[in-house]
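Novice: Residue-level listing of the chains:
Protein chains: 2
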Amino acid sequence: MQSPAPHMIHSLTAMMRIIDKAEAHAAARNIKPEVIPNLRLIADMLPFWRQITIACDHAKGACGRLAGVEVPSFADAEMTLAELQDRIAKTIAFVEAIPQSGFDGADARQITVKAGPRELSFAAPAYLYGFAFPNFYFHLTTAYNILRSHGVGIGKGDFLGG
Amino acid sequence: MQSPAPHMIHSLTAMMRIIDKAEAHAAARNIKPEVIPNLRLIADMLPFWRQITIACDHAKGACGRLAGVEVPSFADAEMTLAELQDRIAKTIAFVEAIPQSGFDGADARQITVKAGPRELSFAAPAYLYGFAFPNFYFHLTTAYNILRSHGVGIGKGDFLGG
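One line per chain: the protein sequences are D and X, in this order.
To convert, note that position 143 of the first sequence is 143 in the working numbering; the numbers rise steadily by one, no gaps.
To convert, note that position 73 of the second sequence is 73 in the working numbering; the numbers rise steadily by one, no gaps.
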């Protein structure tokens, strides 16, 4: 299969530019650094920072598993916007370093992932298109929606990236 | 390329089950039929019904364009939840009817789409993975987030589908 990394890198880079705008928004309004990472759409949904780290986890998880490369583990703890930028940059660096050759023959792989208490096993294409991509975009979109609904000046073009 | 239709059908079917839950939620609370379709995350974002019709447009647009099949045009006007279910069902029926053979050789196609005032031209894989899929999931996720943040009892598993 073709490496999914370029598409994920594109969307993650777009999210870094969105976080730039969130940082400028916070600076212009004297919003304390811990506020934006902890914004949520509703009390029982995950905060902004978790949406970002989960999106990163799906990107590195998908690329690493499909290419048979060990997936690095990054500690999950509440993060500032600057730390989230760094997490995204590290994720991009990991997936960017996997050559296309790593994905040659990946279509035939069987992929097993843990999802909460369950273990899910997929053929590689079903894993990528039916699980990793939908999850990746779910969390990036929810991150976008959190900022957008709290007044950060961003639009759909920012999400899609230039 | 492999047809993207099965993945889109899976996610659209999951959204139909989510709308079932929204209908039950409205019925249990005597919420008027026009209320849920018009919910938004914030005043200057599109309402629920538009998130659904745009997601459907990206599904039928992507499958039709990639397979070189004429894309049906469905009228866009405010819709009830029942009408949205029907729109999704019609979209599924269209993309389901395109055989895999329609996508054979699609990788070499050049795809041109209108995005507001601009005309965008992509190689077929870049169109699918860099435009159609991100847009499709963006609007499905935003539809989910609108219901979720307004109290409809749904979770991530509903979004991913069974």
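Heads up, some of the hints might be wrong.
In this list, chains with the same sequence are indistinguishable; a pair is considered to hold if it fits within one copy or across any two.
Said to hold, decoys possible - 25 Å max Cα-Cα, derived DMTMM-like pairs, lysine to aspartate or glutamate:
(1) 156 / 57
(2) 32 / 119
(3) 32 / 78
(4) 90 / 44
(5) 114 / 158
(6) 90 / 104
(7) 156 / 119
(8) 156 / 76
Since the hints were derived computationally from the structure, they do not count as laboratory data.
Novice: Could you run down the list of hints and mark each one as holding or not?
Specialist: Now for the hints, and whether the structure bears them out:
no.	hint	in the structure
1	156 / 57	both (23 Å within a copy, 16 Å between copies)
2	32 / 119	neither (40 Å within a copy, 41 Å between copies)
3	32 / 78	within (14 Å within a copy, 40 Å between copies)
4	90 / 44	neither (29 Å within a copy, 34 Å between copies)
5	114 / 158	between (32 Å within a copy, 18 Å between copies)
6	90 / 104	within (24 Å within a copy, 37 Å between copies)
7	156 / 119	between (35 Å within a copy, 16 Å between copies)
8	156 / 76	between (28 Å within a copy, 20 Å between copies)
Hints 2, 4 from the earlier list are contradicted by this structure; the remaining hints agree with it.
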